[in-house]
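There are 2 protein chains.
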Amino acid sequence: MHITPLDVRTGENLYEAVADRVAWLIENETLRPGDRIPSVRRMHEQLEVSISTVMQAYRLLEDRGLVEARPQSGYYVRRNIARRPDEPTVARPATSPRKVRVRSLSHVLMDKLYHAGVVKLGAAIPDVELMPVKALNRCFGQVLRYNTVAAHGYDTPAGCEALRVEIARRMLDAGITVSADEIITTCGATEGLYIALKAVTKPGDTVAIETPTYYGILEKLEELQLRSLEIRTDPRDGPDVDSLAEVVAAGKVQALLTVSNYSNPVGSCIPDDRKRAIVGIMSRAGLPVIEDDVSGDLNFEGSRPKTLKAYDQDGLVLYCSSFSKTLSPGSRAGWCIPGRFAEDFLRIKMAISPACPMATQLAIAAYLKQGGFDRHLRRLRRCYRDQVNRVAQSVGRHFPEGTRVSNPDGGHVLWVEMPEGVDSMQLHDEAAEHGISIAPGPLFSPVGQYRNCLRLNCGIQWSPRVEAAVATVGTLARQQLSAGAPGP
Amino acid sequence: MHITPLDVRTGENLYEAVADRVAWLIENETLRPGDRIPSVRRMHEQLEVSISTVMQAYRLLEDRGLVEARPQSGYYVRRNIARRPDEPTVARPATSPRKVRVRSLSHVLMDKLYHAGVVKLGAAIPDVELMPVKALNRCFGQVLRYNTVAAHGYDTPAGCEALRVEIARRMLDAGITVSADEIITTCGATEGLYIALKAVTKPGDTVAIETPTYYGILEKLEELQLRSLEIRTDPRDGPDVDSLAEVVAAGKVQALLTVSNYSNPVGSCIPDDRKRAIVGIMSRAGLPVIEDDVSGDLNFEGSRPKTLKAYDQDGLVLYCSSFSKTLSPGSRAGWCIPGRFAEDFLRIKMAISPACPMATQLAIAAYLKQGGFDRHLRRLRRCYRDQVNRVAQSVGRHFPEGTRVSNPDGGHVLWVEMPEGVDSMQLHDEAAEHGISIAPGPLFSPVGQYRNCLRLNCGIQWSPRVEAAVATVGTLARQQLSAGAPGP
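Listed in order, the protein sequences are those of chains L and R. To convert, count from 1 in the first sequence and add 36; that's the numbering used here. To convert, count from 1 in the second sequence and add 36; that's the numbering used here.
Careful: at least some of the hints might be erroneous.
The list cannot tell twin chains apart, which means a pair is met if one copy fits it or any two copies do.
[Said to hold, decoys possible] Using 25 Å as the maximum straight-line C-alpha spacing, the simulated SDA-like pairs for lysine to any residue come out as follows:
1) Lys170 - Thr192
2) Lys135 - Leu260
3) Lys238 - Arg383
4) Lys405 - Arg418
5) Lys170 - Gln497
6) Lys135 - Tyr347
These are computed hints drawn from the structure, not numbers from a lab. Treat the numbers as computed from the prediction; the structure is a model and nothing was measured.
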């Protein structure tokens, strides 16, 4: 076994880097269940780190459930690490524009999501415990104390300038070079998406979407009386370029809306060349693209992916994002870069809600300015990656034979495709009785497809309670299958 | 002169009550310019307060510019207290439904509103210095420290429960008996108004409105592709009942939207019996009423006025309000009581912006719970009343002969009707060159009427700078008239 030099990322402890290295070898099956992992001494020599650092790393792997210590013998890869299930199949979309009808299903989910004591595998909302709330609260305190008038004063229509400046700086990582003037803050990315859709469409228009699609987007389409046209979507690479080109050429759509990076729910991340191609197709047709990049900062490895906006020469991409998944879900600090639609966007924002809360915007601006965000992001990415892996493995262990699960390179949700015959709406109700919330598949389709699928939120901290919840959902799914097996 | 026993309101200092009494006598012209006001000794005996209290009161009246001391002689009502100009005439509304077109005008105003250094007589936004920011910031600190998870966590669809409970308690003063469950929080009253309008109408519908109408409402009508039908409006008592009954009977409107208390811009406050009649007319026709009560807490005298919602037997009134004018303009904490439209309201809220910022909502809930709000409100009402009076008097002193000005019993805006021939759009541009922002009349009409009118914000603290600004606007208006006088 050859081990390349250790690459310790900034903000990471040395022992975490050692543990990550071993975890990676287990994930890619270089080390398989039952294998002995390199001895502490050997690791110490190969990686040139201290004995105690290796021991700390191995204890971390033990905590993560990846290895187990055997007395007098060393550390072994746990036998019951389930192989990660296969990925879902490519979705077969509806071929004609559809009127969007989601309200009844979404309502079912939302009703259950907010009860205390529920294991929240449903809504894609991360644990506040993972967020840098202490540092953020210090910034809040400073803003309220030293910038009182601004903190309680009225926002400008485009939003808090200090925050827009910080966002403009951060956008460079996403391949976007903009000034603060080109950014408009919104109440979460979701308000931005609504306004962006309203700005570029009129009732009756058809919007190309990926499939499955985040139900929040479907709700917006429905409210705005828009039709959807699902584009064939690869669970890894996102919307299919040829399919998109075809519907655009046929004049079937007036806009495209896509979650470009670590999509919700399948976790696809559009490769750079495909991003460029998609923007090219839309630009040549003079059609707008609404880009939801709310998870773009949540890459598990390497550097942050680029965006569609990065390839936008004509100002046709309306880019939306927020800090809900990276800093504070409750602060609702989002933004949009609406390109050539800035005037329409601002006019609609003025009509709906002309100002965002100032104290929050100023506090986040102060936090970003002081410079701990990248360090926090590195920690958060590892954390989401671990949680996504654990839930995926748990699904492999507990769900019915033949269940597939997505294998995203970022974000914090998993898309689970169970065998035909499992009804995820029924499963949702059954899980709710056990105090578990899940997001059933039909929510992610404009016409109620994906009945045998569900989305699991991995933004909550892994714990025996979460593992038990995943196991319970798997057991309930198995029971459905065996109850259905004999046939009526 | 008979003086009734002094009524000191809670939270008010004794000397302030004495000053208020004398100010009231001046306002209602019991004491006129040049009159000697009762001697300190006489006041001391009549009111049974100490000599030093009366002297403090008289110094306050001097500060307010109402009286002046003459050596060896006593205090006199200032000669140059202008008589308050007459009130505006009853508006003559358009008689047919109109497509709303406001964007270009509103844009003109908004562009200028947010520059530092501008005297902000334009937007109806109060000075943060008038708000209890210290107490509110303490609550913020406590919430962030002791309720961290909730403060950064995701809001429920209906909004922060702690805040809804406090709002439900406060609603009793407005004659509304509701539980927290019937309240939905919004990002300011303005988001609530947009959602309420969207919930009860479809594009092409006609909404009855008062005239002149707050431009924010007109912008919403335009965005939602609604038509407006202006109802004859009394500058004191609001929409005319017979006119409303007529258009309702003729099936000309699908909803009514009204700022029931201290309307923006004319300051009308619908009397209780008229409120009852309006709700009755709409209820019998089964039509919804959207009530904007954002200034209802800002009564200058007596107790807080009731609301249309107080007379709503059928759940047809969608009540919207916020804390923007009473606690913190920048916090954007609003709410709606949507009655029978709750489900539609919530569905639309979910599609636009499913959650309001939590820290702000929790901080305001904590502030309301600790119980200093009513004391603050009493102070704020006096403050707004004084500022409104001062601006009105200043208008009387500096604006062209024949200028009329509203005489509201609450709120913090004044509606100024100048002689025909003054163009308030031009005046807006001229004032902007002097660093003064005003809201020109055409903004308040769906078809650009009220060209000789303007709205003045009295929410900012009175100062020589503000007085000079009002004088400048008056001078500019006079110049327009004299330039126009010779005629082409």
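Hint by hint, here is what the structure shows:
Taking identical chains as interchangeable, the C-alpha atoms of lysine 170 and threonine 192 lie at most 25 Å apart only when they sit on different chains, with a minimum of 23 Å there against 28 Å within one chain. Proximity of lysine 135 and leucine 260 under a CA criterion of 25 Å is satisfied in both settings, with 11 Å inside one chain copy and 20 Å between copies. When the C-alpha separation of lysine 238 and arginine 383 is checked against a cutoff of 25 Å, the pair qualifies both within a copy, at 15 Å, and between copies, at 20 Å. Taking the shortest alpha-carbon separations for lysine 405 and arginine 418, only the intra-copy value of 23 Å comes in at or below 25 Å, while the best inter-copy value is 41 Å.
In this assembly of identical chains, the alpha carbons of lysine 170 and glutamine 497 lie at most 25 Å apart only when taken from the same copy (18 Å versus 37 Å across copies). Proximity of lysine 135 to tyrosine 347 under the C-alpha cut-off of 25 Å is found in neither arrangement, the shortest distances being 31 Å within a copy and 40 Å between copies.
When held up to the earlier numbered hints, the structure conflicts with hint 6 and nothing else.
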